Amino acid sequence: MFLFVVRRLFFAVLLLLAVSVVTYLLFSALPVDPAALTCGKNCKPDIIAANRIRLGYDKSIVEQYWLFLKGIFVGRDYGMGQAAFSCPAPSFGYSFAQHECVTTLIGRTFPVTAYLSIGAFIMWMIIGVGSGAIAALNKGKWQDRLANAFTAVGVSLPTFYVGLLVLFSVVIWLGILPFPDYVSPLEDPIKFLNAMILPWLTLAILSAASYTRLTRNGMLEAMNEDFVRLGVAKGLSRSVVLRKYVMRAAMVPIVTIAGLDFASLLGGAIITESVFSLPGMGKLAIRSVVESDLPVLVGTTLVSAVFIVLANVIVDIMYGVLDPRVRVK
Amino acid sequence: MSSQKPVLIVENLSVSFATPDGIVHAVNDLSFVLHEGETLGIVGESGSGKSVTAASLMRLNNSVTATSTGRVVVAGVDVLSASEADVRRLRGSEIAMVFQDPMSALNPYYTVGYQIAEAYEVHHPEASKAQVNAKVLEMMTKVGIPNPAQRADEYPHQFSGGMRQRIVIAIALVNDPKILIADEPTTALDVTVQAQILDLMLALQVENGMAILLITHDLGVIAEVARDVLVMYAGRVVEKADVEDLFEIPTHPYSWGLLGAVASLEVSSRGHLRTIEGTPPSLLNLPSGCAFHPRCSFASENGSRCTTETPLLVQKGPKHSFSACHLPVERIVEIGQKVGN
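Chains as they are written, first to last, in numbering that gives the first Met the number 0: chain S, 0 to 328; chain W, 0 to 340.
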């Protein structure tokens with residue numbers, strides 16, 4: 000098991016290295032001159048040239064990538080003399096549009112995305128698995144049909160639509176909540192909840208739908224298994240059979256997909272953050288695209304990739320824990 | 000036979016399922032009695048209602064789609080009408096089951112030791128951890144699993160098919176049930192393992208004195224193990240006989256077909272295996288009268304009676320066999336003697 004984890008982690012690091020190369024090359028290939036974007040429209044050529052040297056864009060692409068990679072581990076210093084500044088490790092570069100180190104920007108926006116992801120995750124797991132279980136236990140009855148309708152609506156509506164619908168109905172039409180205005184939970188927990196409840200709900204509605212389907216189908220499939228019948232034939236109570244036999248079998252794919260979904264959310268919920276104007280990583284990514292802010296773009300992409308690769312490793316390990324048949328000796 | 004105590008009484012059991020295509024009549028008007036220590040075989044083709052019968056005896060059929068009528072009495076309790084709690088008390092303690100496919104009958108997420116312990120604990124909540132562990136090892140030894148202490152901590156996928164079936168038997172017998180339902184217990188196993196499993200079940204039957212209801216399509220297994228046999232066709236019993244009588248003078252055209260279809264080393268049939276013409280009827284839409292008449296080569300001897308009137312199960316012939324057939328007794332005995340051996 001230990002060896003298995005070490006091997007997985009080793010390959011995960013290799014994969015991330017490959018992702019960083021591809022990302023860096025891809026974004027560097029964009030027809031944008033980063034140095035020209037460092038100062039406004041009326042920039043003088045000599046300032047652009049100075050900035051190019053200062054930020055390292057005068058070097059070859061291989062050298063640039065090497066400096067970028069090195070920066071992640073040891074930090075990076077820019078410029079010389081009076082104009083010198085540095086981005087400490089782990090450094091993903093310097094944003095010339097926002098005039099800050101990329102790591103600082105990500106560090107500031109990531110907690111927002113993390114709060115959003117964790118809250119939404121808890122909500123959608125409760126709603127999705129709960130409604131799926133209710134549907135499976137009442138197969139063919141109105142509860143099942145309601146869950147089915149919910150699934151169909153949930154998987155077919157786009158995020159921006161649900162987000163705006165929730166925003167419009169709760170804030171503007173019903174007036175129950177004020178317009179979301181993000182505040183750190185450390186500052187004012189009540190205001191924080193007020194701002195987060197709608198984005199949580201939006202993401203939960205959208206993601207719960209597929210979990211409803213997954214849970215329902217998984218449970219119904221398990222209920223037809225011989226070993227579930229043997230559980231009943233042993234004289235076990237219904238609740239024990241449901242928990243140890245039916246749910247146990249249905250849980251494996253749910254955990255797998257939940258891990259991956261959660262990780263991709265941690266990389267930034269771009270649309271939800273935009274609709275509810277949450278200063279998260281998704282919004283940072285969008286802004287960097289609009290402003291052609293390459294270092295930020297590369298940084299956010301890499302951070303998202305780290306989460307997804309890590310989640311894959313964790314899910315693989317979880318899979319072994321949950322299903323003895325795939326456990327490696 | 001009559002001196003022994005009946006442990007299972009089935010009276011007029013009918014089971015039907017509601018499906019999108021209509022109502023499937025899986026079991027029709029089935030009655031039999033199983034006595035203490037007795038072995039009763041139920042034989043029939045796929046779709047003859049054998050497995051549904053087995054499941055009904057423990058009320059394991061889907062409660063939403065299945066409708067059961069009649070009575071199934073175990074330890075004085077009517078399984079079909081009793082409360083869920085009462086039936087649960089019977090399951091595993093009075094009446095237990097061995098399933099057809101050992102590959103899918105065990106929960107893949109728990110160790111086999113845990114699964115045996117679970118079956119014991121549910122009916123012995125007062126047992127201490129040490130007692131439960133001792134019981135698990137005792138059962139695993141009893142069913143012939145080497146290194147029980149070590150293997151109890153392994154998962155089902157680490158066992159072979161025959162070993163898994165031994166575990167299933169250990170689970171079934173952990174509470175010393177009076178009735179063991181064996182639903183095709185050897186069908187999914189290799190031929191060499193089949194005999195081992197049957198021998199094990201019979202040895203444990205001698206030890207525990209339990210009654211076995213053996214459900215199979217394999218006449219060879221029936222001949223080896225059972226004392227009385229019910230032959231089922233399309234959800235009905237068509238013949239009920241002592242196992243020797245069944246092989247000596249079978250009294251139903253369907254039984255003649257089944258016995259004729261048994262491959263034997265002695266009879267040379269020029270490489271051809273004999274079969275029963277036609278296919279089993281759809282349980283959605285049973286033939287009128289005797290359900291076997293479309294496949295029966297003797298149906299024409301009775302005029303139109305076979306297509307209009309369902310034959311009753313009555314005693315026919317010199318032996319104590321019961322048969323549901325319209326043919327006259329003399330004719331049945333005449334053909335039966337030719338088919339039997």
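Don't read these hints as lab results, they were simulated from the structure. Where hints are given, some of them may not hold.
[Stated by the list, open to error] Distance condition first, Cα-Cα at most 35 Å in a straight line; then the derived DSBU-like pairs of lysine-lysine:
1. S/K140 with S/K243
2. W/K337 with W/K128
3. W/K128 with S/K243
4. S/K58 with S/K69
5. W/K337 with W/K318
6. S/K69 with S/K43
7. W/K141 with S/K243
8. S/K243 with W/K134
9. W/K4 with W/K134
Computed from a predicted model, the values in this text were never measured in an experiment.
Hint check:
no. : hint               : in the structure
1   : S/K140 with S/K243 : 25 Å, holds
2   : W/K337 with W/K128 : 61 Å, violated
3   : W/K128 with S/K243 : 20 Å, holds
4   : S/K58 with S/K69   : 15 Å, holds
5   : W/K337 with W/K318 : 15 Å, holds
6   : S/K69 with S/K43   : 31 Å, holds
7   : W/K141 with S/K243 : 27 Å, holds
8   : S/K243 with W/K134 : 22 Å, holds
9   : W/K4 with W/K134   : 28 Å, holds
Hint violations for this structure: number 2 only, all remaining hints satisfied.
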